[in-house]
Amino acid sequence: MFRKNIDIALVCTLISTLTAMPAYAWGHANSFGGHSSGSFGGGGEHSNRWGGSSSGGFGQGFSHNNAWGGGSSAGGGQGVSHENMYGGGTSAKYGEGAEHTNMYGGKSYGAYGEGAYHEGSGAAYYHPPAAYYPYHPPTTVNYYGSSCGSCGGWSAAGAAAVGVVVGATVGAAAASANSQANAQAAYSAGVAAGQAHYLMGAIYASVPAGAVRTTAAGNTYYLAGGTTWFKASFGANGVYYTVVPAP
Amino acid sequence: MKMRTRNRFATAAVALAFAMSAMAGSALAAPAKAKAPQPAAVKGEIQPKAVDLLKAMSDAIGHAKTLGFDVISTYESPSRYGPPLAYKTMSHVALQRPDKLKVVTTADGPPTEFYYDGKTMMSFAVQENLVAMADAPPTVDQTLEALYKTSGTYFPFADFLVSDPYADMAKSLTLAFYIGQSNVVGGVTTDMVAYESEGVFVQVWIGADDKLPRMARAIFFDDPMRLRHQVEISNWKLDAPMKPEEFTSAKAAGASKIPFEHPSTHQAPAAAHAGSGKPATKPASAAH
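Top line first, the protein sequences correspond to chains A and B. Just so you know, we're using this note's numbering here: the first sequence kicks off at 6 and counts up by one. Just so you know, we're using this note's numbering here: the second sequence kicks off at 1217 and counts up by one.
Derived from the structure by calculation, the hints contain no laboratory data. Each hint should be verified, as a subset may be incorrect.
Calculated cross-link-like contacts (lysine-lysine; reagent style DSBU-like; alpha-carbon spacing at most 30 angstroms) [claimed, not checked]:
#, chain 1, residue 1, chain 2, residue 2
1, B, K1387, B, K1453
2, B, K1467, B, K1265
3, B, K1365, A, K236
4, A, K236, B, K1467
5, A, K236, B, K1304
6, A, K236, B, K1473
7, B, K1387, B, K1316
8, A, K236, B, K1453
For reference, chain B alone in the conformation it holds in the complex:
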């Protein structure tokens, strides 16, 4: 009986060893080739608890007459070799509803300042002492859109600036679920919610007590690299008094004028080389 047991054990062990070796061998011999991620067909649940938290967050920031916060944005951009690098910017934001906004970006990158006082919007390149100015629509929501359309400028924390963030999400909300609580972000307890709207998958950390967003990460479904965009928000100030002069800058207004212009409106280079008079050199085509 003992011998049988031993035999069975030995046989099973040998079989398992061969099986594992075969698995390991096959895995090593033919590693899965990387495939370009395919856009996900998202059609998931919308949990009431998640919706309630998103609404509460929306109310907390939408009902405040003034908002102030600091934000560190992290976004990925492909390196020359394909894999992405992460870049960070730091901005200080002041908003007074419905028609005043200031975004001062101090680092990294060239410092820029954006001012909107209800009538005029201007983007100021501090180091170059250049400013773009234009008449602006009457609300922050409309100005954010106008700014993007005219210049390509987009603030990744725009969802927390508009007057009714949840209304924007709800228009095309296809997924929302509750993840759990965290005690890591912003030094407070947060509720984590994931949602999908307009092809963007977002995870947001919402303060359990004050319902303010502390962090958010976003991934676009139609982005084959699934690059990540993240904002970390701190130093929240709600309903703090703000002066009208905070939303304009005499220094910016006095800088040399340049136009707002979306970079994508430019066409590919023409055949001729400016300044050289030589015909354009056609880059070599790929051999593969």
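So here's chain A without its partners, still in its complex pose:
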């Protein structure tokens, strides 16, 4: 009888072990091996069982590594950088612009008061016999980009468009130990107060509000701020604007 009870207990243990497994994959990870430590006025440290870790010191910088290969780092009042597992990276400094490199080798730039520029999404070639080719760049991404600072596309630095001034708090923002938040902070760092300026030769999804439309040599241009000229072109299923010398 006693052995029978042992057998039943073993089977129950086995069943509970097996049935509990799927739940391990999701939240509540800290109870499965992660730990945190810190003291008032001192730094903080966190590591989780997946291999990720975070550390920071009061008034100092902050760094985060995650188990997937990405990492973020920042210094108080300084810039922040982030690399993700897909090979993309983001970096920024207070008062400067933000730069993002994606896994395709494309880059995006943006600064407060500006739009965003994106170069090279890759896979842009005509392939007559083949079936499908990615849009380059997707017009719809830019369409949503006006309201979605995290969507990517031409408006990859869309945070700049909303004008949030967060540069001085980048370090604090980075201390969230959330790599995604850090990436956002990187972009937001590019939003720090600065003068609106557009890069010669860069392309933008829209022209600044108040830009005046004019025609020169049979083409359509927009003049913004009295000094910056945009040439409108049709490409990749939509209109885009290139900063050009005065026509």
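Place chain B on chain A using the hints.
Positioned in the frame of chain A, the structure of chain B alone reads:
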């Protein structure tokens, strides 16, 4: 004997429990790190049944003198954080072989209209009232290519517009197999076929009776994120009468002129800031 059986059972159960615990432990302690997908070396079978279905689809749309359909395209694009977001556009398409095409995209995104009447192609940005116009080649097939080369514009349903879709696939078909039937897509029974051509892996749902494509999904092998591109086609109209004036637009022709220009022809921003006179600010480099 009973005791032996119990002992064996208990021993086996303990061993299995330890084994499973060890497996679970190792899996949890060292989860597989995500790796960038590697391009697949595709060299597979080409099943006659799959080829027959692709040919039948090609004949159904290639032999029609006029085509009309609605299409919802879904494509993925990486968010700032890496994982992709899905975006959708909706277009209404009219085609008359061999030299007339209209694609009116109403949503999402800024509405655009494309017209080709055999001589001129024009892309019209409705909201901006801007139009790009250019002389066009004499066929739809050539115009689609010219449009892409001059502006980067590509319609993801282009395979269903060309005069002989299967001929295009067959040039570099390396894989084709039959999957089975579905009763979900387009409200009809469809045959599902997967094929690979020119580095693109495509799954297509073909109407079992009319052989018309109802849905297709495509993935590029050289895309490390394996982003998906999908079209859902509905409201098919074959050989319906169409008027020449459908393939042009006086409103579009009267809009302010802009050039067709491929965005990738632009170079990286120059060092100087236009309008500010300040030197360019070099973005901080990544610390990692």
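- [ ] Compare the distance between the alpha carbons of K236 of chain A and K1304 of chain B with 30 angstroms, and conclude whether the hinted pair is satisfied.
- [x] It holds: about 28 angstroms lies between the C-alpha atoms, which stays within 30 angstroms.
Task: Holds or violated: K1467 of chain B to K1265 of chain B, with C-alpha atoms at most 30 angstroms apart - done: Distance of about 48 angstroms is beyond 30 angstroms: violated.
Open item on the list: What's the verdict on K1387 of chain B and K1453 of chain B, does the C-alpha distance respect the 30 angstroms limit or exceed it?
Closed with: Holds, because 28 angstroms separates the two Cα atoms, which is no more than 30 angstroms.
Open item on the list: Check the hint pairing K236 of chain A with K1453 of chain B against an upper bound of 30 angstroms on the C-alpha distance.
Closed with: violated (40 angstroms)
Open item on the list: For K236 of chain A and K1467 of chain B, compute the direct alpha-carbon distance and say whether it is at most 30 angstroms.
Closed with: holds (22 angstroms)
- [ ] Measure nothing beyond the straight line between the CA atoms of K1365 of chain B and K236 of chain A; if it is 30 angstroms or shorter, mark the hint as holding.
- [x] holds (19 angstroms)
Open item on the list: Would the hint linking K1387 of chain B and K1316 of chain B be met if the CA-CA limit is 30 angstroms?
Closed with: Judged against 30 angstroms, a Cα distance of about 25 angstroms means the pair holds.
Task: Pair hint outcome, K236 of chain A versus K1473 of chain B [Cα-Cα no greater than 30 angstroms] - done: holds (11 angstroms)
Taken one by one, the earlier hints fail for this structure at numbers 2, 8, listed in ascending order.
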